[in-house]
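Starting from the given sequences, assemble the full structure and let the hints guide the process.
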Amino acid sequence: MLKVDSISKTFRSLRNVVRALTGVSLEVKPGEIVALLGRNGSGKTTTIRTVCGLVIPDEGSVSINGLRFGQPNYMAQLGALIDTNRVLFPRLSPFENLVYTCAVRGMRRPEARERAKYLLDLLGLWEKRNAPAQTLSKGMVSKMAFAVAIAHDPPFVLLDEPTLGLDIDAAEVLEAQILGMAKAGKGILLTTHQLEVAERLCTRVAILSGGRIVVDKAKEELLEMFDLQSYRVTFKEPVNLPELPFQHTLDESGRVLEVILDHPEQLYELMRRLHPRPLRSIEKREVELAEIFRSYTARKESHSA
Amino acid sequence: MRKLAILFGAEAWRAWLEEVRYPLQFVMGLVFMGLIFFLLKGVAQLSGVSSSNPETIFRLLVGYLLGLLAMSALSGIAAQISREAKSGTLENMVLSGHGLTAFFVTQALARLAPILLNTVILFLVLTNHNKINFSLSWEMLPAIGLFYIAALGLGLVVGALALLFKEIRTFFMLAQLLVFPAVIANLPQLEWFPLVLGASVIRDLLQGSAVEAYWWILLLAETTAVLCVGVLLFELADREARKRGLLGHE
Ligand SMILES: Nc1ncnc2c1ncn2[C@@H]1O[C@H](COP(=O)(O)OP(=O)(O)O)[C@@H](O)[C@H]1O
Ligand SMILES: [Mg+2]
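As you go down the protein sequences, you meet chains A and B in turn.
Following full-length UniProt numbering, the residues of the first sequence are numbered contiguously, the last one being 305.
Following full-length UniProt numbering, the residues of the second sequence are numbered contiguously, the last one being 250.
Where hints are given, some of them may not hold.
Far from chain A by the CB rule (all over 10 Å, computed), these chain B residues [said to hold, decoys possible]:
1. Ala44
2. Gly88
3. Leu187
4. Gly245
Pairwise CB distance ranges, derived in the manner of DEER restraints [unchecked claim]:
5. Asn73(A) <-> Ala185(B): 44 to 52 Å
6. Ala225(B) <-> Leu179(A): 51 to 59 Å
7. Val27(B) <-> Asn40(A): 36 to 44 Å
8. Asn130(A) <-> Arg83(B): 19 to 27 Å
9. Arg169(B) <-> Leu179(A): 42 to 50 Å
Only some residues are given here: those of chain B computed to face chain A with a beta carbon under 7 Å [said to hold, decoys possible]:
10. Glu18
11. Val20
12. Glu55
13. Arg83
14. Ser87
15. Thr89
16. Leu95
17. Ser96
18. Gly97
19. Arg111
20. Ala113
21. Leu117
22. Leu232
23. Leu247
Rather than coming from a laboratory, the hints here were simulated on the basis of the structure.
Note that the Cβ used here is the ideal one computed from N, Cα and C, for glycine as well.
Dropping the structure here:
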């Protein structure tokens with residue numbers, strides 16, 4: 001199991017002090033895909049870099065299968081994609097880049113070549129195996145970044161925005177690989193801004209806001225919880241809304257209101273406030289992860305504001 | 001130990017690929033360095049040194065080549081750090097599970113072969129051209145080894161600065177301005193400085209004179225000290241860079 005245990009991190013420089021993480025805890029079990037979501041600057045990358053040992057936290061610790069950072073074999077448990085744009089030795093071909101990555105982690109040369117060939121095949125890059133790294137397109141480089149991250153077949157994989165800037169085909173290839181890896185028992189932690197990607201892939205959702213984890217739940221549980229709180233209210237005619245203390249949107253016709261309550265009981269409060277506007281219907285509706293995300297990050301920001 | 005062997009194997013392979021793919025660079029480097037030597041000789045002549053004096057030319061030649069060797073070690077680690085930061089491969093170095101110190105020292109050693117080859121070719125060509133006689137002995141190996149390790153120790157200090165401050169090109173220029181004259185001129189006031197001491201031992205050996213045990217011990221002690229300081233500072237800088245979250249940033 002990969003365990004992040006209440007890490008805090010403040011970056012200090014001469015000019016400013018940035019509190020990036022506050023008491024962040026997370027777990028990734030084998031076979032799980034955990035989506036770490038958050039707006040820009042919420043601390044996703046810092047969390048991932050801390051697990052990789054690229055950032056030393058002020059407080060807290062990280063362990064993988066009981067090994068702490070700094071112990072031998074900690075790194076062998078881990079593969080990470082940190083930057084999809086910059087990952088290749090420019091003077092080596094894709095094939096050589098992968099052989100090197102495997103070899104430097106201790107694979108014998110024939111084994112490393114096999115693995116490199118397998119990965120290039122898997123991601124549809126075999127044709128480009130000998131092309132100079134500088135001639136690869138952005139999408140190909142992103143795929144290579146993924147290949148480098150999983151080159152040594154580690155039990156835990158961290159992916160920071162893996163599908164950023166990929167076209168649909170390439171993203172599909174990558175998503176299929178991620179699902180396959182989880183099925184094979186790997187634990188995966190990924191960040192993304194594309195919430196539909198997270199919704200398709202993940203089994204668990206953790207949301208960071210202002211450097212704190214504001215929710216950490218199994219995806220099904222989270223969606224179910226929100227199902228009890230999400231309603232669509234249809235009016236007989238366009239209405240002007242009163243002040244509503246919940247997250248809500250009124251569509252352009254002015255007749256369909258979608259709300260997310262903080263509690264199912266607030267339904268009474270909603271009805272009271274909408275009275276006496278003429279209702280046609282009120283029904284529960286399914287929410288998307290994007291709305292849940294917005295509800296958590298907006299709420300947090302209004303608290304801190 | 002096994003880990004270091006793995007790392008060295010991978011790095012040597014990469015060095016081979018990167019150098020072989022650009023053989024022109026090797027040849028051009030050779031020609032360029034040869035030309036600079038003649039430039040140096042010309043400057044020496046202008047300032048009144050007789051170029052027919054084999055003693056002076058010998059001193060200039062050995063100093064120049066050792067200066068090149070020292071500079072490669074001195075700036076090599078820092079240059080490699082900024083290269084890896086630019087290509088984004090520094091993070092993967094860390095993820096490979098080898099410490100950064102082990103990584104960059106191994107890398108420098110893995111890239112030593114072409115540099116040594118370069119130095120030896122230039123030495124043979126230029127001594128032949130200038131009709132200089134020299135003597136070879138087995139003691140040359142530890143002497144050059146210690147000279148190089150001391151330079152590598154200083155290279156780690158420069159590398160430590162590169163990890164924290166990124167832009168240190170001006171520093172390189174200054175280092176170059178200091179190292180070459182120090183190694184070539186062999187001033188008595190600078191005799192204690194590790195690189196100058198190593199260079200004078202090597203020069204004595206090439207001229208066929210024996211080197212007293214005292215100088216060997218001093219050289220060994222200084223080299224060990226410089227290497228230890230280098231490793232220590234590099235490790236400290238590595239830790240500091242991770243605390244500031246700078247590692248791998250350009
Ligand atoms: N090395 C650093 N030095 C100073 N501030 C940093 C550093 N790295 C990240 N930060 C700051 O920490 C916060 C979190 O950044 P990051 O983890 O990159 O967020 P995200 O990946 O969620 O967009 C941001 O305010 C960012 O500016
Ligand atoms: Mg980020």
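Structure-based check of all given hints:
1. Ala44: holds, 38 Å
2. Gly88: Incorrect as stated: the minimum Cβ-Cβ distance to chain A is 3 Å, not above 10 Å.
3. Leu187: At about 39 Å from chain A, Leu187(B) clears the 10 Å cut-off, so the statement holds.
4. Gly245: At roughly 5 Å from the nearest Cβ of chain A, Gly245(B) sits no farther out than 10 Å, so the non-interface label is violated.
5. Asn73(A) <-> Ala185(B): 44 to 52 Å: Once the Cβ atoms are compared, 51 Å apart, the range 44 to 52 Å for Ala185(B) and Asn73(A) holds.
6. Ala225(B) <-> Leu179(A): 51 to 59 Å: holds, 56 Å
7. Val27(B) <-> Asn40(A): 36 to 44 Å: violated, 49 Å
8. Asn130(A) <-> Arg83(B): 19 to 27 Å: Given range 19 to 27 Å: holds, Cβ gap about 22 Å.
9. Arg169(B) <-> Leu179(A): 42 to 50 Å: Holds: the Cβ-Cβ distance is about 47 Å, inside 42 to 50 Å.
10. Glu18: Constraint on Glu18(B) satisfied, holds at 5 Å.
11. Val20: violated, 10 Å
12. Glu55: violated, 43 Å
13. Arg83: Interface hint status for Arg83(B): violated (9 Å vs cutoff 7 Å).
14. Ser87: holds, 6 Å
15. Thr89: holds, 6 Å
16. Leu95: Holds: closest Cβ of chain A sits about 6 Å from Leu95(B), inside 7 Å.
17. Ser96: holds, 5 Å
18. Gly97: Since chain A brings a Cβ to about 3 Å from Gly97(B), closer than 7 Å, the hint holds.
19. Arg111: violated, 13 Å
20. Ala113: For Ala113(B), the interface hint is violated, since the closest Cβ of chain A sits about 17 Å away, which is over 7 Å.
21. Leu117: Given a least distance of 19 Å, the restraint on Leu117(B) is violated.
22. Leu232: At about 18 Å, which exceeds the 7 Å cut-off, the nearest Cβ of chain A leaves the hint on Leu232(B) violated.
23. Leu247: holds, 5 Å
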